[in-house]
Amino acid sequence: MLHSTGSKNLVILCHGFRSTKDEKLLLNLIAALTKEGMSAFHFDFSGNGESEGEFQYGNYRKEADDLHAVVLNLSEKTFKICAISGHSKGGNVVLLYASLHNDVPVIINLSGRFALERGIDGRLGREFMQRIKKDGFIDVKDRTGKVEFRVTEESLMDRLTTDMRAACHAIDKECRVLTIHGSADEIVPSEDAFEFDKLIPNHKLHIIEGADHCYTAHQEQLASLVLDFIKSAQIQKMPKTRARAAAAAKVTEPVMPAEPEEQVELDGYEEMDEEVEYEEIEEEEVEEFEEEEEEVLEEEEEEEEVEVEEGGADEGSDNDVVNGAPTEASVTLAIKDPVKEDGENLEDESKKHAELLALPPHGSEVYVGGIPPDATEEELKSFCEPAGEVTEVRMMKGKDSSENKGYAFVTFRTRELAATAIEKLNNTEFKGKRIKCSASQAKHRLFIGNIPRNWTEDDLKKAVLEIGPGDPQNSSRNRGFAFIEFYNHSCAEYARKKMAVPKFKLDSNAPTVSWADPKSGDSSSQIKSVYVKNLPKDVNQDQLKKLFEHHGEISKVVLPPGKSGQEKRFGFVHFAERSSAMKALKNTERYEINGEVLECSLAKPPADKKVESGSGSHKGALLPNYAAGRVGYGIMGGAYGPLSPGFTPTMLYGNRHAAGTAMVPIMLPDGRIAYVVQQPGVPITPPSRGGSKSSTSRKGNDNNRGRRYNPY
Numbered sequence: 001m002l003h004s005t006g007s008k009n010l011v012i013l014c015h016g017f018r019s020t021k022d023e024k025l026l027l028n029l030i031a032a033l034t035k036e037g038m039s040a041f042h043f044d045f046s047g048n049g050e051s052e053g054e055f056q057y058g059n060y061r062k063e064a065d066d067l068h069a070v071v072l073n074l075s076e077k078t079f080k081i082c083a084i085s086g087h088s089k090g091g092n093v094v095l096l097y098a099s100l101h102n103d104v105p106v107i108i109n110l111s112g113r114f115a116l117e118r119g120i121d122g123r124l125g126r127e128f129m130q131r132i133k134k135d136g137f138i139d140v141k142d143r144t145g146k147v148e149f150r151v152t153e154e155s156l157m158d159r160l161t162t163d164m165r166a167a168c169h170a171i172d173k174e175c176r177v178l179t180i181h182g183s184a185d186e187i188v189p190s191e192d193a194f195e196f197d198k199l200i201p202n203h204k205l206h207i208i209e210g211a212d213h214c215y216t217a218h219q220e221q222l223a224s225l226v227l228d229f230i231k232s233a234q235i236q237k238m239p240k241t242r243a244r245a246a247a248a249a250k251v252t253e254p255v256m257p258a259e260p261e262e263q264v265e266l267d268g269y270e271e272m273d274e275e276v277e278y279e280e281i282e283e284e285e286v287e288e289f290e291e292e293e294e295e296v297l298e299e300e301e302e303e304e305e306v307e308v309e310e311g312g313a314d315e316g317s318d319n320d321v322v323n324g325a326p327t328e329a330s331v332t333l334a335i336k337d338p339v340k341e342d343g344e345n346l347e348d349e350s351k352k353h354a355e356l357l358a359l360p361p362h363g364s365e366v367y368v369g370g371i372p373p374d375a376t377e378e379e380l381k382s383f384c385e386p387a388g389e390v391t392e393v394r395m396m397k398g399k400d401s402s403e404n405k406g407y408a409f410v411t412f413r414t415r416e417l418a419a420t421a422i423e424k425l426n427n428t429e430f431k432g433k434r435i436k437c438s439a440s441q442a443k444h445r446l447f448i449g450n451i452p453r454n455w456t457e458d459d460l461k462k463a464v465l466e467i468g469p470g471d472p473q474n475s476s477r478n479r480g481f482a483f484i485e486f487y488n489h490s491c492a493e494y495a496r497k498k499m500a501v502p503k504f505k506l507d508s509n510a511p512t513v514s515w516a517d518p519k520s521g522d523s524s525s526q527i528k529s530v531y532v533k534n535l536p537k538d539v540n541q542d543q544l545k546k547l548f549e550h551h552g553e554i555s556k557v558v559l560p561p562g563k564s565g566q567e568k569r570f571g572f573v574h575f576a577e578r579s580s581a582m583k584a585l586k587n588t589e590r591y592e593i594n595g596e597v598l599e600c601s602l603a604k605p606p607a608d609k610k611v612e613s614g615s616g617s618h619k620g621a622l623l624p625n626y627a628a629g630r631v632g633y634g635i636m637g638g639a640y641g642p643l644s645p646g647f648t649p650t651m652l653y654g655n656r657h658a659a660g661t662a663m664v665p666i667m668l669p670d671g672r673i674a675y676v677v678q679q680p681g682v683p684i685t686p687p688s689r690g691g692s693k694s695s696t697s698r699k700g701n702d703n704n705r706g707r708r709y710n711p712y
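Under the numbering used here, think of the first position of the sequence shown as 1, with each following residue one higher.
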């Protein structure tokens, strides 16, 4: 199926095992691609979905041939195939394709399996080889005993003889390959992604911490990573102007694609048909996280090839073994400070460590927004000191400006004092202006990749302690990578710079070291509610409950009252267990009431919403014609429903807009969450990138404010 935007630049998407071209993950990617102006094509492999033929268990090479036929057909229609992406089994197919044909510049492997001999017994049983040799086939049945598909000996051997190692070696070095994998993938282990990373010549790896095999709660992050990679490849393929050629001649190191924060564009939003009417928040408050990230980026020495977004970590056992038995490893640090080799005393290093540890711990920094432009650091410090001891004030200023940007970061002696300051100072007046206070997003976690697989947690801890100060905490078992939490940002930054030098080794391995983004999974992993959209106006709670109750116990169903003139409604289904909510959102589920197909997604309170690195705080969601407006409170505010930049599976194509109302949550100053029923009709104007002027005007008037409703 072709989704044409008028552009000849086209991306082909391939589905996974026993799936179809209409799997939710692919549709979300298509929505994101078409929104960016790229055309997209997806199709069913033989024996899947609407395609003819009989389903085959292996069939990898045949599906690579089918993909080649698709590429040739689209190329004859003058489309330029700029990328091919495949999920799960589709990831293997696109890699096989790249090993056979060098006609597509970008390959994207989403959760593909490296070792195809693994994972078979989980589906076919432990003695599958004996059974298939005896009977010639194995029938795979569902829970009711119905045969889902038949595995023949020929199709099984096709899988077992498909050599992904050889395929990786055969991929041309000019072909850019991206592998994305979820650390919480229970179907294909994330270790497989690191095998691809070792063998593919021109490869980039991104692990999404906390993501499952289908990226159920990480759809937007996935789309953002795919888009950024395709765009960066297109930029590098652009012909050089004289200026670019001259600049390139001076560059001795390869130019890395810009980090997501640098790629965020706030201009050019398409207009929207709906708007929530309430007080506008301070513009600089919305941009706080982005500005802070830019400050940190200016200090970084180099960009790393492996990028990781950290969510709820996949906690493992402390008793993990290697090859069936515990393994002890001697820690060998292949780097030494050349000055120390000359006999210099370690007192200077110890002194530096002591200085860093004397600084306040992580969580002691407070963001203060809405500051008058003529305010000074001394004035702000005096204003904040009644709440507790202030150790530092960082007032953000323009490069050529004596005035501040309207926000600052204030560091208190302890976390407790910072929390007290937020409670006491938020929404108070400073020099005639009402300020906003919230916890800062300072980073103190590092991602370290390419760790020797036989290392224990103690081995890694010992190595890190020789480099950075403090007592680093490792939040996960050794899966070839780890997240290390330091006492504060300064300790983490010091350790990062020490480990960034080329000569630093963990045994013989050169580790990958980069910042880990703030956790996003702690609270979202507790969500048990499903947001349901496109409901008929006469729907009742019993109908909705009956539709979902086969997934598990439902604690309650919430249906906000419908608006006059609106044909569609929305609601919330609250399950007793999170697992039930996740079952309800599986790709195989389809919900209808009175012939209306419902749209469902996992509910996500905006207070827990993470500002995504790679998507930008103002970037639109996966819907082609929607962008996030300045909604919510503080940096946490975020739209819900069709405005949401979260992981909603809703897709609309062309110029259609979503019908009905939407629930927009806002965080109140006292920490409570209120919900505004969205008013349709007036487009939201996106925030301007230029300047940092505040806006305190109101949209609409008191007689036309939205109704508030709390579904929880």
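A portion of the hints provided could be inaccurate.
[Stated by the list, open to error] Distance ranges between label pairs, derived from CB positions:
{"#": "1", "residue 1": "398", "residue 2": "596", "range": "44 to 54 Å"}
{"#": "2", "residue 1": "397", "residue 2": "565", "range": "20 to 30 Å"}
{"#": "3", "residue 1": "350", "residue 2": "458", "range": "34 to 44 Å"}
{"#": "4", "residue 1": "389", "residue 2": "429", "range": "20 to 30 Å"}
{"#": "5", "residue 1": "577", "residue 2": "199", "range": "35 to 45 Å"}
{"#": "6", "residue 1": "577", "residue 2": "543", "range": "48 to 58 Å"}
{"#": "7", "residue 1": "1", "residue 2": "37", "range": "39 to 49 Å"}
{"#": "8", "residue 1": "351", "residue 2": "458", "range": "44 to 54 Å"}
{"#": "9", "residue 1": "556", "residue 2": "398", "range": "32 to 42 Å"}
{"#": "10", "residue 1": "153", "residue 2": "36", "range": "39 to 49 Å"}
[To be verified] Here are the simulated PhoX-like cross-link-like pairs (lysine-lysine), alpha carbons at most 20 Å apart as the crow flies:
{"#": "11", "residue 1": "528", "residue 2": "545"}
{"#": "12", "residue 1": "134", "residue 2": "173"}
{"#": "13", "residue 1": "443", "residue 2": "497"}
{"#": "14", "residue 1": "405", "residue 2": "431"}
These are calculated hints, taken from the structure and not from any lab test.
These figures come from a predicted structure and were not determined experimentally.
C-beta atoms are modelled at their ideal positions from N, C-alpha and C, and glycine is treated no differently.
For each hint, the structure was consulted:
1. 398 / 596: 44 to 54 Å: 52 Å, holds
2. 397 / 565: 20 to 30 Å: 49 Å, violated
3. 350 / 458: 34 to 44 Å: For residue 350 and residue 458 the Cβ distance comes to about 22 Å; the hint is violated.
4. 389 / 429: 20 to 30 Å: Holds: the Cβ-Cβ distance is about 22 Å, inside 20 to 30 Å.
5. 577 / 199: 35 to 45 Å: 40 Å, holds
6. 577 / 543: 48 to 58 Å: 22 Å, violated
7. 1 / 37: 39 to 49 Å: 18 Å, violated
8. 351 / 458: 44 to 54 Å: 26 Å, violated
9. 556 / 398: 32 to 42 Å: Given about 51 Å between the Cβ atoms, the range is violated.
10. 153 / 36: 39 to 49 Å: 45 Å, holds
11. 528 / 545: 14 Å, holds
12. 134 / 173: Status violated; Cα separation ~44 Å.
13. 443 / 497: 14 Å, holds
14. 405 / 431: 15 Å, holds
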